[in-house]
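Student: Construct the entire structure; sequences and hints are all you get.
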Amino acid sequence: MTLLTVENLSKSYDGKPAVKQVSFQFQPQKCVALIGPNGAGKTTILRTLSGLLKPTSGIVTFNNMNANDDLRKHIGYLPQYPVFYPWMTGSEFLVYVGKLAHLSKEEAMARSEELLSLVGLTEAKNRRIGKYSGGMKQRLGIAQAIIHRPRLLMLDEPVSSLDPIGRREVLTLMEELKKEMTILFSTHILSDADEVSDELLLLHQGKIVEKGSMDELRKKYQTAKIELSFQDESATYQSKINSLPSVVKCHMERHTLHVAANDIAAARKEILMAASADNWPLTSFTINRTSLEDMFMKVVGN
Amino acid sequence: MQWITLFQKELLENWRNYKWIWVPLAIVLIASMDPITSYYLPQIMEAVGGMPEGASFELPDFQPSDVVMMSISQISSLGVLIIVLMSMGTIAGERKSGVSELILVKPVSYNNYITAKWAGLLVLVWASLFLGMLSSWYYVNILFGVLSFISILKVVFFYGLWLSLVATVSIFYNTLFKTPGLVAFLSIATIMLSSLITKIFGQRFEWSPNNISIYIKEMLVTGSVSADLLATALITIGIIAVLLIGSIFTYKTKELAN
Numbered sequence: 001m002t003l004l005t006v007e008n009l010s011k012s013y014d015g016k017p018a019v020k021q022v023s024f025q026f027q028p029q030k031c032v033a034l035i036g037p038n039g040a041g042k043t044t045i046l047r048t049l050s051g052l053l054k055p056t057s058g059i060v061t062f063n064n065m066n067a068n069d070d071l072r073k074h075i076g077y078l079p080q081y082p083v084f085y086p087w088m089t090g091s092e093f094l095v096y097v098g099k100l101a102h103l104s105k106e107e108a109m110a111r112s113e114e115l116l117s118l119v120g121l122t123e124a125k126n127r128r129i130g131k132y133s134g135g136m137k138q139r140l141g142i143a144q145a146i147i148h149r150p151r152l153l154m155l156d157e158p159v160s161s162l163d164p165i166g167r168r169e170v171l172t173l174m175e176e177l178k179k180e181m182t183i184l185f186s187t188h189i190l191s192d193a194d195e196v197s198d199e200l201l202l203l204h205q206g207k208i209v210e211k212g213s214m215d216e217l218r219k220k221y222q223t224a225k226i227e228l229s230f231q232d233e234s235a236t237y238q239s240k241i242n243s244l245p246s247v248v249k250c251h252m253e254r255h256t257l258h259v260a261a262n263d264i265a266a267a268r269k270e271i272l273m274a275a276s277a278d279n280w281p282l283t284s285f286t287i288n289r290t291s292l293e294d295m296f297m298k299v300v301g302n
Numbered sequence: 001m002q003w004i005t006l007f008q009k010e011l012l013e014n015w016r017n018y019k020w021i022w023v024p025l026a027i028v029l030i031a032s033m034d035p036i037t038s039y040y041l042p043q044i045m046e047a048v049g050g051m052p053e054g055a056s057f058e059l060p061d062f063q064p065s066d067v068v069m070m071s072i073s074q075i076s077s078l079g080v081l082i083i084v085l086m087s088m089g090t091i092a093g094e095r096k097s098g099v100s101e102l103i104l105v106k107p108v109s110y111n112n113y114i115t116a117k118w119a120g121l122l123v124l125v126w127a128s129l130f131l132g133m134l135s136s137w138y139y140v141n142i143l144f145g146v147l148s149f150i151s152i153l154k155v156v157f158f159y160g161l162w163l164s165l166v167a168t169v170s171i172f173y174n175t176l177f178k179t180p181g182l183v184a185f186l187s188i189a190t191i192m193l194s195s196l197i198t199k200i201f202g203q204r205f206e207w208s209p210n211n212i213s214i215y216i217k218e219m220l221v222t223g224s225v226s227a228d229l230l231a232t233a234l235i236t237i238g239i240i241a242v243l244l245i246g247s248i249f250t251y252k253t254k255e256l257a258n
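These protein sequence lines are chains A and B, in that order.
Throughout the first sequence, residue numbering follows UniProt numbering, covering 1 to 302 in sequence.
Throughout the second sequence, residue numbering follows UniProt numbering, covering 1 to 258 in sequence.
Derived by calculation from the structure, the hints in this document are not laboratory data.
Since we're looking at a predicted model, the values are computed, not measured.
Glycine included, C-beta positions come from ideal geometry on N, C-alpha and C.
Have a look at the derived ranges for each label pair, beta carbon to beta carbon:
no., chain 1, residue 1, chain 2, residue 2, range
1, B, Ser195, A, Gln21, 50 to 58 Å
2, A, Met65, B, Ile4, 21 to 29 Å
3, A, Asp69, B, Asn141, 57 to 65 Å
4, A, Ser160, B, Leu234, 51 to 59 Å
5, B, Phe205, A, Asn38, 48 to 56 Å
6, A, Met109, B, Ile36, 45 to 53 Å
7, A, Asn63, B, Trp22, 46 to 54 Å
8, A, Asn63, B, Phe205, 52 to 60 Å
Tutor: Rendered as structure tokens:
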């Protein structure tokens, strides 16, 4: 079952394309990360899905939604820099947006209390939002986005502007929310995406250049490499390793030998056999998996 | 229900940012200044040095209706300025700051959003005008002569229509632009231009909203509501409706983020 289908979504600003022919689908209860460098079109996609921008072309459909149903009932959205009414208190703001989303006054009040404690703002609920810190505003932003229990929660760079503590709080909160709703969030910090998302959409210059689950992408772009370091001069072993049959390439970087191989298991066996036969003074032997960073560079580079 | 929520928020916001205090106060001040200064003009002249030797100065004999119209004419300039300045950011400012990005991704109907803002503004304008004219009436009654309460209510009603039009013009520009200063400039420019056109082509625009105070004065003198006044009032209401529908339409077709 798909929750949301996006077909050939394009968006241009004054004729300049920002998003080009993007198509993807969401399964419910998944956390999807939209990754890309600044200016790749992440915010444009989120704003288009939220209805703040009108697509130049393309169709966005929700599962089991009538044609004339208001899309906004099913989505929650947190912009990158959420702005509130500084003269309202945190609790007043939540009740206000709750009522705007057609909750009754009682429901809105009960739900605000619940969310304030979920995002850890119970103590600050009667303080004016103008006095909140950046992290508190971000958490209030998440609370306002989910007040009407949307099926899809969209977060635009939810952690990029936060300090390490705020970042941790928001990521933990997202782990929690993932159980109840689909989350789509944009980020340019790859380790954050790695941490909470199940699926990735890699965006570059307005196009989706790669998509899939974390494991799928890992498998696809996996080029493990072996890193070796020695007690004495590593360079003396470079030619020996290069002559091993399964080794494709061996080069040296800052006293460490980096070995690339197609069949990593065979290379490991050969190196370890050579090492024990000649009694190499190995100090470390590591098999490194491709990081998200490497994968991203590789995809974008192509 | 949603409309009430939006409307209540407008009232609360205007209360928290003190608009409910300073706008009525300013209008009361503007409306009651002329009745008082006109009455005490001889004493004021005396206090600031009097007239040169031999000069004689005949003060006109002000009728209550003349004095009420003085208040109206002050509100027409300074009061209009206050209304435009206090309303210039009501929608434009929310878009500029970005708070509308949070509000309008909720299932908020644009009809409700615009008309609640408009109503919130109008309530403030009408309350201020009522208090202003009430204080003017008070001074007119004790300083210049009797004027019935009913006739002052009629003045408030018909002149309130003109101020409502001013507020609606401001709302209209608010939906078109997101720079509050530009909204204020265009609102004032529009009002000045319409008054200019009315003056130049007076014959053709007999029922222009700009002429409503002329007919209000007539009403005060004759004591009856003329057909001209009614026609002008209806045309004013019509223009308000058109502008309001236009505002909703522009907001519906507009992209709300950029």
